[in-house]
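A.B. asks: Top line first, the protein sequences correspond to chains A and B.
Each residue of the first sequence is one higher than the one before, starting from 1 at the first, in the UniProt record's numbering.
Each residue of the second sequence is one higher than the one before, starting from 1 at the first, in the UniProt record's numbering.
Since the hints were made in silico from the structure, they are not lab data.
Don't take each hint at face value.
[Said to hold, decoys possible] Covered stretches of chain A (chain B as the covering partner; in silico rule of three or more C-beta atoms under 8 Å from a C-beta of chain B): (1) 29 to 38; (2) 303 to 311; (3) 329 to 335; (4) 351 to 365; (5) 409 to 420.
All C-beta atoms, glycine included, are put in the ideal place defined by N, C-alpha and C.
Protein chains: 2
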Amino acid sequence: MTAMSTVDGKTVRVALLGCGTVGAEVARLLTEQADELAARAGAPVELAGIAVRRPDKHPELPQHLLTNDAAALVESDVDVVVELIGGVDPVREWLLTALRKGKSVVTANKALLAEYSAELFEAADSSGADLYFEAAVAGAIPLLRPLRESLAGDRITKVMGIVNGTTNFILSAMDSTGAGYAETLDEASRLGYAEADPTADVDGYDAASKAAILASLAFHTRVTASDVHREGISNVSASDIAAAKALGRTVKLLSICERVEGEDGAESVSARVHPVMLPRTHPLANVGGAFNAVFVEADAAGSLMFYGQGAGGAPTASAVLGDLVAVARNRVLGGRGPRESAHAQLPVRPMGQTPTRYHVSLDVADKPGVLAQVAQVFAAHEVSIAAVRQRDRHDTASLVIVTHLAPDAALEATVEAIGKMDVVNEVVSVMRVEGEDS
Amino acid sequence: MTAMSTVDGKTVRVALLGCGTVGAEVARLLTEQADELAARAGAPVELAGIAVRRPDKHPELPQHLLTNDAAALVESDVDVVVELIGGVDPVREWLLTALRKGKSVVTANKALLAEYSAELFEAADSSGADLYFEAAVAGAIPLLRPLRESLAGDRITKVMGIVNGTTNFILSAMDSTGAGYAETLDEASRLGYAEADPTADVDGYDAASKAAILASLAFHTRVTASDVHREGISNVSASDIAAAKALGRTVKLLSICERVEGEDGAESVSARVHPVMLPRTHPLANVGGAFNAVFVEADAAGSLMFYGQGAGGAPTASAVLGDLVAVARNRVLGGRGPRESAHAQLPVRPMGQTPTRYHVSLDVADKPGVLAQVAQVFAAHEVSIAAVRQRDRHDTASLVIVTHLAPDAALEATVEAIGKMDVVNEVVSVMRVEGEDS
């Protein structure tokens, strides 16, 4: 029974780049749980240095480990680089250097991975180093390892989820209070759920980076953030939320990665981030506050869901440490983690050609023939209507239409044409629909 | 960009033992998706032989691959053995032989793993072979890999879930129809959701094997099926279900693996399978039919949930193929998967000393002082009451009590003593409670 506690490997020396909320938690756990981690990795895992911008600002950290020279730390005698700084430059060069020199990298840097993962994987491959990044998407939720490994024998058709806590917090709050977007964003900032500059979250950049990473892994295709169609939540109005509520639906910002088959049978990948109306009975509809949840559909596995905390120091540190143990274990046992899997290289489908469904809520004149006229515009754009609900008010009527799947460009053109009709007083709400039978 | 489609490894030859629902699906996917699997594994993955009891009964399979001599197939020139026969003997010997000879094993055999995983891991370790078994628990849901790898840097405190589809189908049906157990089991058999001999499912043996596997992985401790306290669902009555419903709760058969701290601060492991009352707002309460779902709580990661199909040919085959790709990739890249992790070796806590909470529903005499007398019995056993609800009927009253956490033996003794009281006409329902603040 010799395998029970084999800690006979050579010490794995770790460089930590960045020591904010997540980094501090990683440093703490590496020290406090040293024996446990060693038992799991098969060798001691030792913090060899911490690079921070201003070492004098970190009296709480072991002073002899601190440096402000990240490049030198990467070049020093370390085996693994854990990067928690974020952003593209100058981190990209440091990680490329580390990987080319055979040092494995564990990173939570979604922005970097969403643009440069091909280059990073190539550098890793040149030396046989590992590149792990579980913490880059959905924090503590084990999601990337299942996609990269557990489902490696299956054919994934869709990955759809809530991967940004800030926008989910805001939309959940708008849903429960009925308040508008600007007001709710202010409240979220006050409570610490939104950054001082919330652009990356509310405009969907963060979710788009994550969608790129998810689509790449799910479809064995290089998808970058710029390939992802991106719409944020700043245009989601109290009327949109109210319209959703009236129909037993709720609004969520989703990252959606889908395998789409064209008329010619050729496959392509759609990757997009936009607000979506979901039925309240949909499991993603009940994911509240800052939680994350991701649905995965695969041919053999069917539907899977992963749920948990998507951000925060400790949850993200959990994902980083899981990767760190894997990387250390690979060193001890002489193996390697999964490499880039981009053999399929499917084309990325433009948003206009991606099949979606729209919910359109109109305020129209209350007179005979209006529904026929509106329906005619849908038909002219070859958009098929799935459901209609008309409700009379005083001298106007509320008309709600949900379509079947149609190319997004056709749906957009339909809405534009309808907005110009004399009988249409106002387009109250337009939103894409997911999670219902089409 | 050389890593995109490297299929330069030596062909990985696979022996398939057993070709029922899951095996047939594995064989089909291995053939149909050969190119995809090769790209992901880095080498062609080839089905080298299929052992079935009666080759003549399988005209649908490639005849030249069939044999009824599993032992000889294992000894032949194969690199990986995929075992889908189930049961302990004679499979155990075949897999030990394979592992000792350096052939990696992928198995869905929960009964074998729940008793003999230490021996199997030791055999794997002696030759450096891999042992993977994602399909043994919760079918297609990537659960074991997250426990073994993603959470390797975290401290798991609880794993609790629905891991048996048959019992979940029966309890869901009893909840929605109000019918009794026997009647619902008949219906489940008729619909194919229960086996002709349903013992392994309804008496909790299947769930107990899975609890043993989960507890072993979560707590780095050897836990066997015989260590798991096991109660099935055959005693769950229509009254239990009705009592649960009246309180906004539902009944589920859960596998619960918990890290328990004793009064002396020493840690131990509780592993148990029994029916549980859950609030209807609990995420596990809404897992219906044959689906599986598992909650994991860890110090840093917080609460995680995994949801998906727990059985069936295609979903289980998805898990098997994911493991097969991992094993093949380890061969191609010269690495190894995780070994046994049993370094903690915590003691297993007897059920009587495990802290649980009871829901007790009584029919009592409707006269003064009854509640005081009943409460006195709880107090005498040092069981603290969390909530009481009394409702008068004609000359009797319904008394519902939910306790705080107490040692299970104290709770059991309390219920026994209460059942003997003159003022208690009937103990209508006794059930453990999870998922509520204690």
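A.B. asks: Decide, hint by hint, whether the structure agrees.
C.D. replies: Outcome of the hint check:
no. : hint       : in the structure
1   : 29 to 38   : holds (count 4)
2   : 303 to 311 : holds (count 7)
3   : 329 to 335 : holds (count 5)
4   : 351 to 365 : violated (count 0)
5   : 409 to 420 : violated (count 0)
When each numbered hint is compared with the structure, violations occur for hints 4, 5.
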